[in-house]
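Colleague: Make a model of the complete structure from these sequences and hints.
Single-letter residue listing:
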Amino acid sequence: GENVEQHPSTLSVQEGDSAVIKCTYSDSASNYFPWYKQELGKRPQLIIDIRSNVGEKKDQRIAVTLNKTAKHFSLHITETQPEDSAVYFCAPPRNYGQNFVFGPGTRLSVLP
Amino acid sequence: DVKVTQSSRYLVKRTGEKVFLECVQDMDHENMFWYRQDPGLGLRLIYFSYDVKMKEKGDIPEGYSVSREKKERFSLILESASTNQTSMYLCASSPPGTSNEKLFFGSGTQLSVL
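Going down the list, the sequences are from chains A and B. Residue 1 is where the first sequence starts when you use our numbering, and the numbers rise one by one after that. Residue 113 is where the second sequence starts when you use our numbering, and the numbers rise one by one after that.
The set of hints was computed from the structure by calculation and includes no laboratory data. It cannot be assumed that every hint is accurate.
[Unchecked claim] Over the 12 Å line for every Cβ pair with chain A, so calculated as not near, a few chain B residues:
#, residue
1, 118
2, 125
3, 134
4, 182
5, 190
6, 215
7, 222
8, 226
[Said to hold, decoys possible] Label pairs and their calculated CB-CB ranges:
#, chain 1, residue 1, chain 2, residue 2, range
9, A, 82, B, 115, 26 to 36 Å
10, A, 39, B, 139, 20 to 30 Å
11, B, 175, A, 39, 24 to 34 Å
12, A, 52, B, 117, 41 to 51 Å
In this text, a Cβ means the ideal position worked out from N, Cα and C, and glycines have one as well.
Modeller: Structure follows, in C-alpha cells:
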C-alpha cells in the first residue's frame, strides 16, 4: 500500500522566517498532491494542491513544489505569521481514485 | 459553501454499546469518507462510499461498519464499542471526477469509550 512520510514532524520558526515541510510517497500512480492545514480544535482544510503536470504552484505566501521522479512534494510558507501555527498534512491519492492516504502530520509553531 | 455536518461534537459511550456517528453533506457529493484521527498517526481511512448503497473498506475497517441509504448521509457504526476506539472521528465528502479531489471535512466527533 501507499507509504506516506512527512519531515519534519515538528517545526518551530520565528515569525517572518520561512518554513518547509516535505512529503514523500510510494505510489507512482499518484497524480494529485494536496496539503491540508488543521488549526487546533478545527477541521482540516485544503490550503494548496498541485497536479503532476506542474512543477510548482504559488498562492500568496504558500507554495508547493513537486518532484515526481523522486516521489516527494513540499510545502513552502514564507513570511510566517502566528496564524500559520497548525498541523499540516499531505495526502497523496492512490489507486487512481478519490481515496487519499494522509501523512502523519507536521506541527508548525510560529514564535512571535 | 459546502457544509459537512456531524451530529455530535462529543460523545461518551460504554464498552459494548452500539454507537452511531452521523454525517450529512449538503452539496450533492457522490464521495463520502470516514477517518479517525489519533495523535502522531494522521488521519486513517475507515470506510468510504462512492454512491448510495455502495461502501468500500479503507485501511482500518475492523470493528466498524457503515450505511449509505441516501446520497447526503453516511453513517459510521461501531457494533460493540471498545476502549481502543476512543478517538476523533472525521467525516469528509468530495465531488466525483478526477478534477475535483478536494475533501471537505466535518468538524469531527470526539468519541470516548469508557
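Colleague: Look at each hint and say if it fits the structure.
Modeller: Outcome of the hint check:
1. Here residue 118 of chain B does not stay apart from chain A, with its beta-carbon only about 9 Å from theirs, under the 12 Å limit.
2. Every Cβ of chain A is farther than 12 Å from the Cβ of residue 125 of chain B; the closest lies at roughly 21 Å, confirming the non-interface assignment.
3. Separation of residue 134 of chain B from chain A is adequate, the least Cβ-Cβ distance of about 16 Å exceeding the 12 Å criterion.
4. Every CB of chain A lies more than 12 Å from the CB of residue 182 of chain B, the least distance being 20 Å, so the non-interface label holds.
5. Separation of residue 190 of chain B from chain A is adequate, the least Cβ-Cβ distance of about 21 Å exceeding the 12 Å criterion.
6. Remark: the non-interface label on residue 215 of chain B conflicts with the geometry, its nearest Cβ contact in chain A lying 7 Å away (cut-off 12 Å).
7. Listed as outside the interface, residue 222 of chain B is inconsistent with that label: its C-beta sits roughly 10 Å from the nearest C-beta of chain A, within the 12 Å cut-off.
8. The non-interface label for residue 226 of chain B is consistent with chain A: the shortest C-beta to C-beta separation is roughly 22 Å, beyond 12 Å.
9. Checking the proposed 26 to 36 Å range against residue 82 of chain A and residue 115 of chain B shows it holds: the Cβ atoms sit about 28 Å from each other.
10. In this structure the supplied range 20 to 30 Å holds for residue 39 of chain A paired with residue 139 of chain B, their Cβ-Cβ distance being about 23 Å.
11. In this structure the hint that residue 175 of chain B and residue 39 of chain A lie 24 to 34 Å apart at CB holds, the actual value being about 30 Å.
12. A hinted range of 41 to 51 Å is violated for the C-beta pair residue 52 of chain A and residue 117 of chain B, which are about 33 Å apart.
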